[in-house]
Amino acid sequence: MKQEISALMDGELFEDDAEAVLDKLKRNPDTHEEWRTYHLIGDILRQPDHVHVNLSIAIRERLQAEPTVLAPSSRAINNGRWFALSAAASIMALSLVAWLSVQVGSESAPQLAMQQPSAVHSASLPSNGFEDYVIAHQEFSPRLDVYGMTSYVHTVARHQKVEQP
Amino acid sequence: MKVRFALIVALFFTVFPAFANTDRQVDLDWPQIIAFATHHTDYSGTFVYQHDGLMETARITHISDQNGEHEKFESLDGPRREFIRNNNEVWWYLGDHKAVQIERQYSGKSFPALLPEQLTALNENYLIHTAEQARIAGFDTQAIVFQPKDTLRYTHKMWAHRDSGLLLKAAVMDERKQMVEQYTFIQLKIGGDFERTSIMPIQPTASLEQQSQFSKLSETSAQASTINWKVVAVPPGFKKIMEMRRPLHGKKTDVIHFVFSDGLAGISVFIENLGNNFDKKLGLSSRGAIHVYSKVKDDYLVTVVGEVPPRTVMQVADSVRYRRP
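These protein sequences, in sequence, are chains A and B. Under my numbering, the first residue of the first sequence is numbered 1, with each subsequent residue one higher. Under my numbering, the first residue of the second sequence is numbered 166, with each subsequent residue one higher.
Careful, some of the hints might be misleading.
[Claimed, not checked] Simulated DEER-style distance windows between Cβ atoms:
(1) Gly233/B / Ala88/A: 54 to 64 Å
(2) Ala84/A / Leu241/B: 52 to 62 Å
(3) Val397/B / Ala65/A: 28 to 38 Å
[To be verified] Some chain A residues judged to face chain B by a derived CB distance under 7 Å, without partners named:
(4) Pro142
(5) Asp145
(6) Val146
(7) Met149
In case anyone wonders, no lab produced these hints; they're calculated from the structure. This one's a predicted model, so the numbers in the text were calculated from it and none came from an experiment. Backbone N, C-alpha and C fix where the C-beta goes; we use that ideal spot for every residue, glycine too.
Chain B with its partners taken away, still in its complex shape (with noise of 0.2 Å):
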């Protein structure tokens, strides 16, 4: 164990200086230490978010144990909506515990921060710089601000809890500033105990079906069916980190994924066929700094998601391409 423990300490400054010496000197530990805080630390706190000038609040619980990560988390305003992860299953409830849907996390990962590639990734896309120090739901923070290097991706800036290192506010802004998204706890519990069982799934009578429906696919055969399709114009600095044919909620055939990440925005492409999605809105939807476009490309439906501007995930739809095998 010691022997491990000195390894990963060896191995930081090694990595480090990496990273130090380029442009200017930025805190790559603050984001390392937001996402450690994420999911390791037991809170349980309301907050508010704020987007496309509308004001909600929902409340968050989470568990981090023995046996994993244990969330919850529910909308207090308007109709009852909650989302229970246990670990890499999400069960999503709309109304009065009708599970509608679950969500697993194909890829499996639960790696407890930050992987090294995406740190590369963040310092490479983006100036991290500590701000103001402010005082937010009774504890003291630190400002982060994720400064852009284009304007491809939105600026985020983030007010982290100084000795937990949880986030405690956050807020997303375009180029001119402007606010796009943003939430802050107003109450906030860290640490102690919570009530574990408030936050156990109620086993949803349809999960079973569910559950199979959304079983893990081989990646071998995922991946051979993804290979004539490609996305020409990524954005600089994203990166592919993911790709498959998967099943979606909602619809009759499996749907192509694909998704590029540069460190701390994410931009998915979805493929799928026509076929069954003739009502099908296109263009653009948006809520905060989520934009879903849609658009027909020969005889398949291009949606592409992410946190980035309009901008850019119009010009991914735009770029995807089909090779003829």
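Just chain A, with the same shape it has in the complex (with noise of 0.2 Å):
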């Protein structure tokens, strides 16, 4: 089957004998995995470039989607944390390097890769400036005249929640 698939790709099949091959493969879903990756293989045959550019962007759209991962709490669990996420992101780098020197054809090779990189990243990002706002507006806060300097709490308060419109 395969050497029909690479055959008929090729465009080296008689017309009756390419109907068959695509019959064939109408009703054997197996071989819709073949058909997929001779076609990489063909595209990266002829245009490598192409094809490589294509799926780092792919994969950093992936990343991109990733939901942000706020900085943990305390240092202990942020440790192992990072440990185990840096960790996780050597292994994946590993295997897709891996993966796309045997098996170039293989379409989940992207997925593999996209999984934790970008919750280490995030964990890192600036505090926005949050504090220099609020600190500036509490000065001038009604509140500042009834509550007292309890409403400073807000910027000596530890954590930040950060949601998207």
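Build the complex: two chains, separate frames, hints provided.
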């Protein structure tokens, strides 16, 4: 079957034979995977640069679509988690390279690669100037007249939640 | 002196009925008592602050003497952070006595209690009534509820010490009666001697430079530069109490700053050049009852901060308009 698909793609089959192979393809979903694989191989052979660029864009897009993970609260948990994440990221990067070099045609490679690194990145984002605005505001807020300095708790508080609109 | 006192008493009785006539009988003297106690009582205590499902503790010491007000506020959890106030100068310490920032009160307001306009605003925007009596941190308190007349602001409930008027507990609730934030003193000492040296600022090395940066601007030049900007949809009941162009920590250029007040909650609008703010995260950030909302308007970054529901800060930010000169 593999040889038939390959021949079909290269245009080496006669019309009748081609029809027969296409028929088989339609009836047998297992062969769809092979069909895609051969197309990918063909694409890479013809235009390797193009294919690679597409891959990385796809990976980047999936990374950006990942939900933002906020900074973990305690340092102890932090360390363990960072270690785990960076280890996971390294392993995935390695497996991506290995996967690509051995089995160019696999479509699952991009999905494997997309999982954790964005979480590591966004955990270290700065705090967005939140404090500067709040401090400037609270000096003038009527709340200060009534509550006194306890209203400063907003800028002394440790944690911050960020929501997307 | 006697004459002045008599005058104040007389004024009080002529002004007060004006409040009493509207709606129902409200306890406008409670906010006045609380505000006075906040600024004129010597006290030191530890309180618990709850917000967004988190709990934190902080310590506050307040001294009022012939030189004015001195306050120290420090976090007891997590990284060390503290504020020290000497009248209208505030030092902000991060980490181990590194003074990172000084904020100065530009208005220079240090009125001992609430201004008449503020009381009027409170009365117009909130139904103020007394609720239960409770015992908090070993003190007898009276609860006072500030119920807003619309959903653009939060409900505030305060528990004031019945003898001194000091606020021992306060909660902010949204329209569904869900708690937004709350703080409660768990230990408190009212009156007596406190170690004054502990509250005085350790002279920060960076202070001179930063103080000059935060020097007050002349009113006229400050006003002229804000004239082209207008906040169209200020929520009902909020009045502009200040507008100016001012420096802001972390910014290279001055920002325009408007402040609106409804007597209890404040809304600040900051407008600045987009120039250095490409990396600025837009959208809503929240901490307890404080919400910060940033959006880009043409070539400017508009940031709204307030102790009001997120909907209100977003509405205000969306209504900022620039009028070409």
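Open item on the list: Under the constraints set out in the numbered hints, which ones does this structure not fulfil?
Closed with: 2
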